[in-house]
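Student: Starting from the given sequences, assemble the full structure and let the hints guide the process.
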Amino acid sequence: MTGEMILTRNFARSDAHTLRAYLETGGYRAWAKAQAMEPTAILEEVKRSNLRGLGGAGFPTGTKWSFIPKSHAGPVYLVINADEGEPGTFKDRYLLERDPHALIEGMLIAARAIRSATAFVYVRGEYVEPWRRFSSAVQEAYAAQYLGHGFDIVVHRGAGAYICGEETGLISSLEGKKGWPKLKPPFPAIKGAFGAPTIVNNVETICHVPHIVNRGAAWFAALGTKTQGGTRMYSVSGRVARPGVYEAPVSITLRQLIYERAGGVTGNGRLKAVVPGGSSAAILTADEIDVTMDVDGLKNAGTMAGSAGVIVMDETVSIPEALMVVARFYAHESCGQCTPCRESTGWIYKITHRIVEGRGRKEDLDTILDVAKRGAGTTICAFYDGAVGPYISYIEKFRGEFEAMVLK
Amino acid sequence: MPRLTVNGKQIEVPAGTNLIEAARHAGVEVPHYCYHPSLSIAGQCRLCMVDIEKAPRPTIACNTVAADGMVVLTETDRVRETRKSIMEFHLINHPLDCPVCDQAGECWLQIYYMQHGLYDPRMTDEKVHKPKAVPLGPHVILDAERCILCSRCVRFCDEITGTGELGIFERGDHSEIGLFPGTELDNKYSGNVVDICPVGALTDRDFRFQVRVWYLETAKSVCAGCARGCNIEVHVNRRRPHHAEGRRVARLKPRVNADVNQWWICDAGRYGFGFVDDNDRLLAPTRREGGTSSDATWDEAIGAVAAALRRLSPDEVGVIASPRMANEDLFALRRLLDICAVRRVGAQVPPRVPGDEDHILIRADKNPNSLGAELMGLGGDARPVLDAARARQLKCLWIFGHDLMASRWPEAEVLEALRAVETIVFTGTNANRTSERAHWVLPAAAWVERDGTYTNFEGRVQRFRQAVEPLGQALAEWEMLDRVLAALGEAPSATRAEHWFRRLATVVPAFAGLSYQALGDTGRLVAGSVAARAPR
Amino acid sequence: MSEGDGYPGLTDPATTVFSEAQLAEVRRLQSLYPDPRGALLPVLYMAQETFGWISLPLEEYVATLFGLSPAHVHEVVTFYTLYFREPPGRHVVSVCHNLSCHLAGAPGIIAHLRQRLGVDPGETSEDGRVTLLSVECLCACEAAPMMQVDDRYELNLTPTKVDRILEGLA
Chain L
1 MTGEMILTRN FARSDAHTLR AYLETGGYRA WAKAQAMEPT AILEEVKRSN
51 LRGLGGAGFP TGTKWSFIPK SHAGPVYLVI NADEGEPGTF KDRYLLERDP
101 HALIEGMLIA ARAIRSATAF VYVRGEYVEP WRRFSSAVQE AYAAQYLGHG
151 FDIVVHRGAG AYICGEETGL ISSLEGKKGW PKLKPPFPAI KGAFGAPTIV
201 NNVETICHVP HIVNRGAAWF AALGTKTQGG TRMYSVSGRV ARPGVYEAPV
251 SITLRQLIYE RAGGVTGNGR LKAVVPGGSS AAILTADEID VTMDVDGLKN
301 AGTMAGSAGV IVMDETVSIP EALMVVARFY AHESCGQCTP CRESTGWIYK
351 ITHRIVEGRG RKEDLDTILD VAKRGAGTTI CAFYDGAVGP YISYIEKFRG
401 EFEAMVLK
Chain V
1001 MPRLTVNGKQ IEVPAGTNLI EAARHAGVEV PHYCYHPSLS IAGQCRLCMV
1051 DIEKAPRPTI ACNTVAADGM VVLTETDRVR ETRKSIMEFH LINHPLDCPV
1101 CDQAGECWLQ IYYMQHGLYD PRMTDEKVHK PKAVPLGPHV ILDAERCILC
1151 SRCVRFCDEI TGTGELGIFE RGDHSEIGLF PGTELDNKYS GNVVDICPVG
1201 ALTDRDFRFQ VRVWYLETAK SVCAGCARGC NIEVHVNRRR PHHAEGRRVA
1251 RLKPRVNADV NQWWICDAGR YGFGFVDDND RLLAPTRREG GTSSDATWDE
1301 AIGAVAAALR RLSPDEVGVI ASPRMANEDL FALRRLLDIC AVRRVGAQVP
1351 PRVPGDEDHI LIRADKNPNS LGAELMGLGG DARPVLDAAR ARQLKCLWIF
1401 GHDLMASRWP EAEVLEALRA VETIVFTGTN ANRTSERAHW VLPAAAWVER
1451 DGTYTNFEGR VQRFRQAVEP LGQALAEWEM LDRVLAALGE APSATRAEHW
1501 FRRLATVVPA FAGLSYQALG DTGRLVAGSV AARAPR
Chain F
2001 MSEGDGYPGL TDPATTVFSE AQLAEVRRLQ SLYPDPRGAL LPVLYMAQET
2051 FGWISLPLEE YVATLFGLSP AHVHEVVTFY TLYFREPPGR HVVSVCHNLS
2101 CHLAGAPGII AHLRQRLGVD PGETSEDGRV TLLSVECLCA CEAAPMMQVD
2151 DRYELNLTPT KVDRILEGLA
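Chains as they are written, first to last, in my numbering: chain L, 1 to 408; chain V, 1001 to 1536; chain F, 2001 to 2170.
Don't take every hint at face value.
[What the hints assert, rightly or not] Keeping only pairs whose Cα atoms sit at most 16 Å apart, straight-line, the calculated EDC-like set for lysine to aspartate or glutamate is: (1) K1127(V) / E1145(V); (2) K362(L) / E401(L); (3) K1009(V) / E1075(V); (4) K362(L) / E396(L); (5) K1188(V) / D1158(V); (6) K70(L) / E44(L); (7) K1009(V) / E1021(V); (8) K33(L) / E44(L); (9) K191(L) / D2035(F); (10) K299(L) / E288(L); (11) K1009(V) / D1051(V); (12) K1084(V) / D370(L); (13) K299(L) / D385(L); (14) K1188(V) / D1358(V); (15) K397(L) / D366(L); (16) K362(L) / D1358(V); (17) K1132(V) / D1102(V); (18) K177(L) / E1170(V); (19) K373(L) / E1075(V); (20) K177(L) / D1158(V); (21) K177(L) / D2163(F).
It is worth saying that the hints were derived from the structure and are not from the lab.
Tutor: Following this line, the structure appears as structure tokens:
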């Protein structure tokens, strides 16, 4: 199952990031078409396409757009989340570097649908080259008059904080503050960036939009499953023969992705565990990989599609050590705003560190599980629930391995 | 006006009310740390979780607006479990050093742990260490390890004073509140951050380690520091007098009055009580003759004043009353002056340094009762009285409270006046350069040592209540005036300040209909006041 | 510092402020946002690129450009990892230590760098050439282990490759 390359079709061209190459491969035709469409028609088309957010939450994109109050008279902002940071994910880096005009065209169309005249693209600070590539493309688009006529793009660099990938943390950061997520309600579509209705979409999500406009919602929906249309870009890393970005219909299974696309498992060759959707997704064991990689398929498997960052571990990998690495990440990236996350991410990292160092105690495992379960769902944003995914699943699914360490 | 039920009780609340306030309407307390009614909603502490019917899980009450038909439950099993968990999170990195913490006894970590926590601690790893005992400014000291990062202090400085001194720096469990390095928390309201700090992170440098809070007794009072009349509590240490070198007044705390000071008081008012237990308090009536002072009895002192009033013609008597006197004192004085037909009277003495003022609470007029004095007909300029003394027209000058030597009047002119008068009577709480020159000194009780009322600049009459006994033989002004009146043949009428208030309410039109009971804890406006005509 | 040639860290940025051209750039950046404060992160980058790092006096200076209290600028500077609060070396080497890189041998790469540079992560080599950092996911997991050297991503690291990269750093 390879299927058609849509988002990645031009990646092989060394000049894929230029306007010339983009135009040669049919670029900005969707925008021409969309300009003849009513905003609501675009919105409906995207709704029917079953496009779902590809940054992590998997929310239906058209539905999100429809939350902008119809009667709103003031400015509406489109914000692109290019703050890629979910461990195991690197797809947006490819899009920014290799097909920046696809994002610009998608933004033009999305902005028309939500009646936005200004967009901000929030690129993570470490992505210097992607930021330069994308900024050049924006300049080209201004020179070619795609931008500047009722629609402007401001490229904004983050400064190093995973939490700014959370849409309201991103908005706070865009406003020149710490990246503290905001209380909801109000939701960004009602009161977002600078107090105005705001739609925050992931890079890859928006890159799909020109294709939906060009080829129709039905075509896009048919590529995927009943509840999610299209393809998406899977970032595959860890112990596989060919780590990389793989575009596939969302109906691909995890097994296919690992064995048919990424060349199978390395290390000792025997699969032990897979993180299917970035580090915040619950881990799957070797016998749980016959699952489709769409939002609902993975949800039904007790994990999540998240950002589609697939991290593969062979049998030689120590799961407690992996959990310690992941726990260190969440402790480092917790923004500190609300108590359960701030206090327990650090605590859990200390416990996992102690376990890995051989100073674990039997009760540690149940403490982590209990603390994680008690904290889940109590915080301002989804960050902590993301941390809870690995805390619980690593221990519950590999308890024997942990116990062997704490009882040593 | 949405109608909802809280724990089965049906209530109706104004639109926009959040569930913490709505629950209060129903008599239900939702535990919380970061929420404060006058500050923006932060939603950080996560303690105020409640169950809302049909919601998948508990939600924070502070950020949920009451809606029609909402069914709110604050004591379900899962809410209790959630609270317990949140308490544990709050205390993971807390040093649990209650025995050496000044907040002990009024700490909301202690209170809520007992009410909602009661879990067995299981945090055995090294806690995060942060700065301790850091003076933030003249009044406030920080222990960052005890801080639960509720951000109330930060929001106070952003939203109330607009000074923005505080921030939360770093992130994760290394987040800590603090100042921009090299700066101070030195705004005019800095002490309020101690009040709103729910834990022992911000404590009061003045009060710290003076006395354990459970030994304190409390009286409802009004700040006497300016014409605003902020509502306060006076906290008194009577039960451990050996602490704090006999300092009886331990601290002043703001008391909520939505119409006057909301939740706040300024630092000048908060820390302005030092004179009460100062060494220069006047403790007994004294007589000065030929450069030597000697103690006298109250009977002698009252007798001497009464004799002077009897003996002298009204024009030979001058009185400089004070807008720091209570309404009751002023009315008693008014009565005495009427009986004696004394007309040379004023109350306003210009301060040497004009008072500061802002748009929050602080008034340029540093007297608590200027409007009361005015309504009593005693509020006039005292300069003509001084000039009469300088012109040797006065034989007796009675000065209430003022240190004329520290006023804007030229010192030479004040000295000239004081030297020109045969009998100078000084009534006040503390010795000053004016009392030193008086022939009779009548010690007055400080405002925390007595009952009374002040009328603030807006016309709000507010009670202050006795918190401690008068020091030495000091008496409230109305008491000594009552005795003078008795010595002049008036039937003694008052044994309590309230009696004088009752009489003034029947005589002074602005006070018509007011009584101590009607004033309650938050006061009432006098008739015809600007504030009464234009409700805010 | 992010440029390859690096900027010297200033010892006393208090005396140093933006040029007229830079102030014009500040105003341009501020005009891009509905609230000028939106330009705070970009202007802090400008400050860092100009002076090498963000000292407290520089924070105070930037605060004046935005009408903010210095505490609020300090909150921002201390929240993000890419603002340097002390002078970094001429080059900054940030090794990813997150999961995919960990699985691919990041601990060995970090150990190698520690040994070669004689510093722990968070420290700067004695010759002032390199600041070594151990950082969270840089999202180049397909080429793990990897690190960022100033602006560049260096991928598929081996000790030999690390040595070669270090040799190229002046």
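Student: For each hint, tell me whether it holds in the structure or not.
Tutor: Against the structure, the hints:
{"no.": "1", "hint": "K1127(V) / E1145(V)", "result": "holds (9 Å)"}
{"no.": "2", "hint": "K362(L) / E401(L)", "result": "holds (12 Å)"}
{"no.": "3", "hint": "K1009(V) / E1075(V)", "result": "holds (13 Å)"}
{"no.": "4", "hint": "K362(L) / E396(L)", "result": "holds (14 Å)"}
{"no.": "5", "hint": "K1188(V) / D1158(V)", "result": "holds (14 Å)"}
{"no.": "6", "hint": "K70(L) / E44(L)", "result": "holds (14 Å)"}
{"no.": "7", "hint": "K1009(V) / E1021(V)", "result": "holds (14 Å)"}
{"no.": "8", "hint": "K33(L) / E44(L)", "result": "holds (15 Å)"}
{"no.": "9", "hint": "K191(L) / D2035(F)", "result": "holds (15 Å)"}
{"no.": "10", "hint": "K299(L) / E288(L)", "result": "holds (13 Å)"}
{"no.": "11", "hint": "K1009(V) / D1051(V)", "result": "holds (15 Å)"}
{"no.": "12", "hint": "K1084(V) / D370(L)", "result": "holds (12 Å)"}
{"no.": "13", "hint": "K299(L) / D385(L)", "result": "holds (14 Å)"}
{"no.": "14", "hint": "K1188(V) / D1358(V)", "result": "holds (10 Å)"}
{"no.": "15", "hint": "K397(L) / D366(L)", "result": "holds (13 Å)"}
{"no.": "16", "hint": "K362(L) / D1358(V)", "result": "violated (61 Å)"}
{"no.": "17", "hint": "K1132(V) / D1102(V)", "result": "holds (13 Å)"}
{"no.": "18", "hint": "K177(L) / E1170(V)", "result": "holds (13 Å)"}
{"no.": "19", "hint": "K373(L) / E1075(V)", "result": "violated (20 Å)"}
{"no.": "20", "hint": "K177(L) / D1158(V)", "result": "holds (14 Å)"}
{"no.": "21", "hint": "K177(L) / D2163(F)", "result": "violated (39 Å)"}
Checked against the numbered hints given earlier, the structure breaks hints 16, 19, 21 and satisfies all the rest.
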